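Chains as they are written, first to last, in this note's numbering: chain A, 18 to 239; chain B, 157 to 894.
FYI, nobody ran anything at the bench for these hints, they're computed from the structure. Keep in mind that a hint or two might mislead.
Stated by the list, open to error - In silico DSSO-like cross-links for lysine-lysine, where the CA-CA straight-line distance does not exceed 27 Å:
no., chain 1, residue 1, chain 2, residue 2
1, B, Lys579, A, Lys69
2, B, Lys668, A, Lys100
3, A, Lys100, A, Lys69
4, A, Lys161, A, Lys216
5, B, Lys669, A, Lys100
6, B, Lys837, A, Lys69
7, B, Lys664, A, Lys100
8, A, Lys212, A, Lys236
9, B, Lys864, B, Lys798
10, A, Lys69, B, Lys702
11, B, Lys669, A, Lys69
12, A, Lys191, A, Lys161
13, B, Lys668, B, Lys837
14, B, Lys669, B, Lys837
15, B, Lys668, A, Lys69
16, B, Lys798, B, Lys664
17, B, Lys837, B, Lys798
18, B, Lys704, A, Lys69
Quick caveat: nothing in here was measured; it's all calculated off a predicted structure.
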Amino acid sequence: MVEDEEKIRLALVDFLEFHSFTVIEALDGLEAERAVAGGQFDLILLDLMLPKISGEHLCSKWRHEGLQTPIIMLTAKGQEHEKVGGLNLGADDYVTKPFSLEELLARINAVLRRTDPARAVGQTFEFADLNVDVPALKVRREGKEIDISKREAAIIQYFAANPNRVIDREELYKEVWNDTMTDLGTRTVDMHIAKLRSKIELDAANPQIITTVRGAGYKYDR
Amino acid sequence: MNSNMYQRLSILSVIILAAVCGLVWLGHHSIRIWAQGMEGTRIGEFAEVADQVRQDVKRKLDEFMTQEQNRPYTDYQYYYVPDDAVTSQQQMAVLRSPLSGKLEHGLAYGHFQIQPDSKVTTPVINIEKRQAETALERNEELHAKALANTLNIENNLFPALSGVAPDAPNLAIGREAIQPQKEETITSAKAKLTRQEPVQSTLGKDAIARSDRTQKSYPIESFQNLDQEAQIIKQSRALVTSNIARNPEASRRQVVPPQSQEQMEHLPPALSEGLSREEMASLSPTRHNEAIDDNLREVQTRQRPAIGVDVEQQINGSMVDQSQSQSSAGRRGQSASPQPQAAQEQYRTDLYDTQQSTAGQDQSDMVEIRVDPFEPIVAPGKDAEQSIFGGQVFMLRGVQIEDVQFQQGFMLNEEKLLEEIEKSAQSFVREDMSFELARTQNEHSTYTAILDFGFGHLLLNLIETNPGGMTRRIDELRTWFFSIITVVLLAVTLALAGLWYNARAQIKLAQKKDDFISAVSHELRTPLTSIRMYSEMLEKNWVKSKDKAAEYYRNMRQESERLSRLIENVLDFSRIQRGRKKYSFSVGDLNQCVADVVAMMRPHAEQNNFSIQTELGQIEQSAFDRDAVTQIVVNLLDNAIKYARSAEDRAIIVRTRGDGRFVWIEVEDRGPGIPHRQRKKIFEQFYRAGAEATRETAGTGLGLALVKKFAEAHNGFVEIISAKPTGAIFRVALAVRA
Numbered sequence: 018m019v020e021d022e023e024k025i026r027l028a029l030v031d032f033l034e035f036h037s038f039t040v041i042e043a044l045d046g047l048e049a050e051r052a053v054a055g056g057q058f059d060l061i062l063l064d065l066m067l068p069k070i071s072g073e074h075l076c077s078k079w080r081h082e083g084l085q086t087p088i089i090m091l092t093a094k095g096q097e098h099e100k101v102g103g104l105n106l107g108a109d110d111y112v113t114k115p116f117s118l119e120e121l122l123a124r125i126n127a128v129l130r131r132t133d134p135a136r137a138v139g140q141t142f143e144f145a146d147l148n149v150d151v152p153a154l155k156v157r158r159e160g161k162e163i164d165i166s167k168r169e170a171a172i173i174q175y176f177a178a179n180p181n182r183v184i185d186r187e188e189l190y191k192e193v194w195n196d197t198m199t200d201l202g203t204r205t206v207d208m209h210i211a212k213l214r215s216k217i218e219l220d221a222a223n224p225q226i227i228t229t230v231r232g233a234g235y236k237y238d239r
Numbered sequence: 157m158n159s160n161m162y163q164r165l166s167i168l169s170v171i172i173l174a175a176v177c178g179l180v181w182l183g184h185h186s187i188r189i190w191a192q193g194m195e196g197t198r199i200g201e202f203a204e205v206a207d208q209v210r211q212d213v214k215r216k217l218d219e220f221m222t223q224e225q226n227r228p229y230t231d232y233q234y235y236y237v238p239d240d241a242v243t244s245q246q247q248m249a250v251l252r253s254p255l256s257g258k259l260e261h262g263l264a265y266g267h268f269q270i271q272p273d274s275k276v277t278t279p280v281i282n283i284e285k286r287q288a289e290t291a292l293e294r295n296e297e298l299h300a301k302a303l304a305n306t307l308n309i310e311n312n313l314f315p316a317l318s319g320v321a322p323d324a325p326n327l328a329i330g331r332e333a334i335q336p337q338k339e340e341t342i343t344s345a346k347a348k349l350t351r352q353e354p355v356q357s358t359l360g361k362d363a364i365a366r367s368d369r370t371q372k373s374y375p376i377e378s379f380q381n382l383d384q385e386a387q388i389i390k391q392s393r394a395l396v397t398s399n400i401a402r403n404p405e406a407s408r409r410q411v412v413p414p415q416s417q418e419q420m421e422h423l424p425p426a427l428s429e430g431l432s433r434e435e436m437a438s439l440s441p442t443r444h445n446e447a448i449d450d451n452l453r454e455v456q457t458r459q460r461p462a463i464g465v466d467v468e469q470q471i472n473g474s475m476v477d478q479s480q481s482q483s484s485a486g487r488r489g490q491s492a493s494p495q496p497q498a499a500q501e502q503y504r505t506d507l508y509d510t511q512q513s514t515a516g517q518d519q520s521d522m523v524e525i526r527v528d529p530f531e532p533i534v535a536p537g538k539d540a541e542q543s544i545f546g547g548q549v550f551m552l553r554g555v556q557i558e559d560v561q562f563q564q565g566f567m568l569n570e571e572k573l574l575e576e577i578e579k580s581a582q583s584f585v586r587e588d589m590s591f592e593l594a595r596t597q598n599e600h601s602t603y604t605a606i607l608d609f610g611f612g613h614l615l616l617n618l619i620e621t622n623p624g625g626m627t628r629r630i631d632e633l634r635t636w637f638f639s640i641i642t643v644v645l646l647a648v649t650l651a652l653a654g655l656w657y658n659a660r661a662q663i664k665l666a667q668k669k670d671d672f673i674s675a676v677s678h679e680l681r682t683p684l685t686s687i688r689m690y691s692e693m694l695e696k697n698w699v700k701s702k703d704k705a706a707e708y709y710r711n712m713r714q715e716s717e718r719l720s721r722l723i724e725n726v727l728d729f730s731r732i733q734r735g736r737k738k739y740s741f742s743v744g745d746l747n748q749c750v751a752d753v754v755a756m757m758r759p760h761a762e763q764n765n766f767s768i769q770t771e772l773g774q775i776e777q778s779a780f781d782r783d784a785v786t787q788i789v790v791n792l793l794d795n796a797i798k799y800a801r802s803a804e805d806r807a808i809i810v811r812t813r814g815d816g817r818f819v820w821i822e823v824e825d826r827g828p829g830i831p832h833r834q835r836k837k838i839f840e841q842f843y844r845a846g847a848e849a850t851r852e853t854a855g856t857g858l859g860l861a862l863v864k865k866f867a868e869a870h871n872g873f874v875e876i877i878s879a880k881p882t883g884a885i886f887r888v889a890l891a892v893r894a
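Only chain A is shown next, with the shape it has when bound in the complex:
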């Protein structure tokens, strides 16, 4: 959370901690830059008018460097062109001061949902005729339990979060393995899908849950 106004920063920290977020504070652009470089964050709350390095500059720099962490801009600049400019710099949302804390919380959750499939579907969810329990790494069909690996749980989670849409191997590999696609990656994806099908499909030779779209990828129809 990057904010130079002391009173606002104090309020935000108290509010976020109250709602079970772990908050790292940064008082200016420089501190923010150092913090982001040194740690993993699920979300950045960024004020724009900051001492030392401006919020806009930081945002465009991070996006340029390929940082995927969602960013919500919190600023007094409330004009349309300022909002558009901020979003175009790579922000995921834009909240103008003064704002309601309830709204801010909703927006934070929305952004996290969009970018984190686990958050979108939750830890236990329905997947076709299956019940998935991610923390237990188990899938249940009519009381019958099937053990799955952590990777397979992630694959199911991603398909559950993106139903009715063709997902190509590259996307899947990037989102689940967090790696860029290679020839090896294609084989890895295919191998994992085949193994997963043998576990969850009734007839692995004729899959019904995760179907193959020839020449495009895989698809989960809800």
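The hints should help you fit chain B onto chain A, whose structure is shown.
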């Protein structure tokens, strides 16, 4: 918007500069064209002068030639019988020729007549009778000149006419001139000219080739009279006969051929030496001529003696040149008529008859006289090289009376002609021009006009006497033009610079206002955001502990105070801007006022870890605006808290003191201080230290501007001095008023 404005301004500047450049080019080009035009005009002036000279010379020559052309053929005779002598039925009077007495008449020199027998007579002297002239009448000089002229004609003109050596005069020339094909005569005369003057024509061509830009031929055709018809005059036979009879040579030849030895003595020596009278006679007559002779003989046998007597009587009566006339008439009378009285009677009758018969269209009594136009003949003289025409120019005309042919003419007075041309040129040359008449082109001449007389030419060299004059005028004009252009360019540049400066200032101000609005918006939103957040957390009970709740309430109060300060500043500024700020001065305790503000600001300062000390001195009782002084101290303290945040010693000292004239309020901090170049700027409205995007400190840029305005409202001022070891001291002076 700003870049748009700059773009427009740039385009405008480029257009204006391009226009000025275009103007420079256009002006320069115009001057060049104008200069060329001036040169052209000057050359045109030269040509015009040349043409004016040509026209003037032509006019003079035309006048002269017309006068000569209209000269009755009788003028060429020593004596003549005037027209009215016959018509008025009076006694026949014989007059001396108007050409007598001198050789020069205008451009003509030495009028002469060539008789059919090639004898040359002149109206100036009676060559035959010269020895009989009285000493009184004899003008030796004139006489000698006339004789020389006669000799010159015989020696130079005759051969030119015949194209043979002077010792073989060809009397057939007379015939030639009688030919009706005038053109041929001229052609042949010209052919002779060309033959005789090869040097001159080559010279002329050379001159033309050398500089044809400034050389032009100006033909003066006065001497050529190509379109002039021969004059045909009808006169009574009696008059004509008497006039021809006045011509001693003609009459003598007709009356007494062959010539006696005694008469031969009076012939010009050259002629008498070269030829005997018989030889001359044998050369000249043709069958045609013999017919003339017969006619004349007839006339003379009938009338001549009578005229002779008449003339004698007339002269005795009072007329010209008594002794000469007497002797000549006497001799003629003696030799031609033994009975003058009878002849006279007869002549009178004849005259009467003529008079009568003229009315009755009696052809036999009317004689047709044909006078041909003059034609130029160039004959080499002894000074041929010096002459402009390469020789002497004779003007000759044929006079034919029935079958008798005379040649009459004169020599063109070259000196006089030159004088006349010079006079013309003198009257026409313009400013900074001089002229020179020459046979060759002058190297320095700007314009050379060839005055072409047909048979020869003369160069009129027109010279520019002030050749640098035009260049100087053009240079002057150019200097003027470029001075003006420089001034214009300077003015345009200044105007553009002013425009740019003004536009920049406007843009800067607009930018500042934008920043101000943005800053005010930020400054308003920030405490509002805090207040809203704290109130929401309290409302929703998102509070971990009671201490937190207390802290939230405190923060909300502080933020609302901050909001009030801001709103107060903005409103004050707005009032001052609109001139609606009202001050209420009242005498009070200024120290107390300052102490109250310090007490009010202390929590805010302490929140930011600042301590405020006060050193309030003894000051005079003075009237002041309480709100303004409060705002001054608040803003100075706020400013110190904002900008001295980085200081290790976060101490602020507030002092007051008085010196009789002013009450001083000082706020001293231990911050980084204010650099000299910013000391003026920080009191400008909307000015804030640091860049907008990376705002180190909050604020609207109004605080110090308001401090300055409030100080000025108290007839005071603000100044900044450096504190030691670091920091700044803001000193506000308020004028003491009772």
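Hints, verified against the model:
{"no.": "1", "hint": "B:Lys579 / A:Lys69", "in the structure": "violated, 100 Å"}
{"no.": "2", "hint": "B:Lys668 / A:Lys100", "in the structure": "holds, 21 Å"}
{"no.": "3", "hint": "A:Lys100 / A:Lys69", "in the structure": "holds, 22 Å"}
{"no.": "4", "hint": "A:Lys161 / A:Lys216", "in the structure": "holds, 12 Å"}
{"no.": "5", "hint": "B:Lys669 / A:Lys100", "in the structure": "holds, 21 Å"}
{"no.": "6", "hint": "B:Lys837 / A:Lys69", "in the structure": "holds, 22 Å"}
{"no.": "7", "hint": "B:Lys664 / A:Lys100", "in the structure": "holds, 24 Å"}
{"no.": "8", "hint": "A:Lys212 / A:Lys236", "in the structure": "holds, 16 Å"}
{"no.": "9", "hint": "B:Lys864 / B:Lys798", "in the structure": "holds, 18 Å"}
{"no.": "10", "hint": "A:Lys69 / B:Lys702", "in the structure": "violated, 36 Å"}
{"no.": "11", "hint": "B:Lys669 / A:Lys69", "in the structure": "holds, 23 Å"}
{"no.": "12", "hint": "A:Lys191 / A:Lys161", "in the structure": "violated, 32 Å"}
{"no.": "13", "hint": "B:Lys668 / B:Lys837", "in the structure": "holds, 13 Å"}
{"no.": "14", "hint": "B:Lys669 / B:Lys837", "in the structure": "holds, 15 Å"}
{"no.": "15", "hint": "B:Lys668 / A:Lys69", "in the structure": "holds, 21 Å"}
{"no.": "16", "hint": "B:Lys798 / B:Lys664", "in the structure": "holds, 25 Å"}
{"no.": "17", "hint": "B:Lys837 / B:Lys798", "in the structure": "holds, 17 Å"}
{"no.": "18", "hint": "B:Lys704 / A:Lys69", "in the structure": "violated, 31 Å"}
Checked against the numbered hints above, the structure violates hints 1, 10, 12 and 18; every other hint is satisfied.
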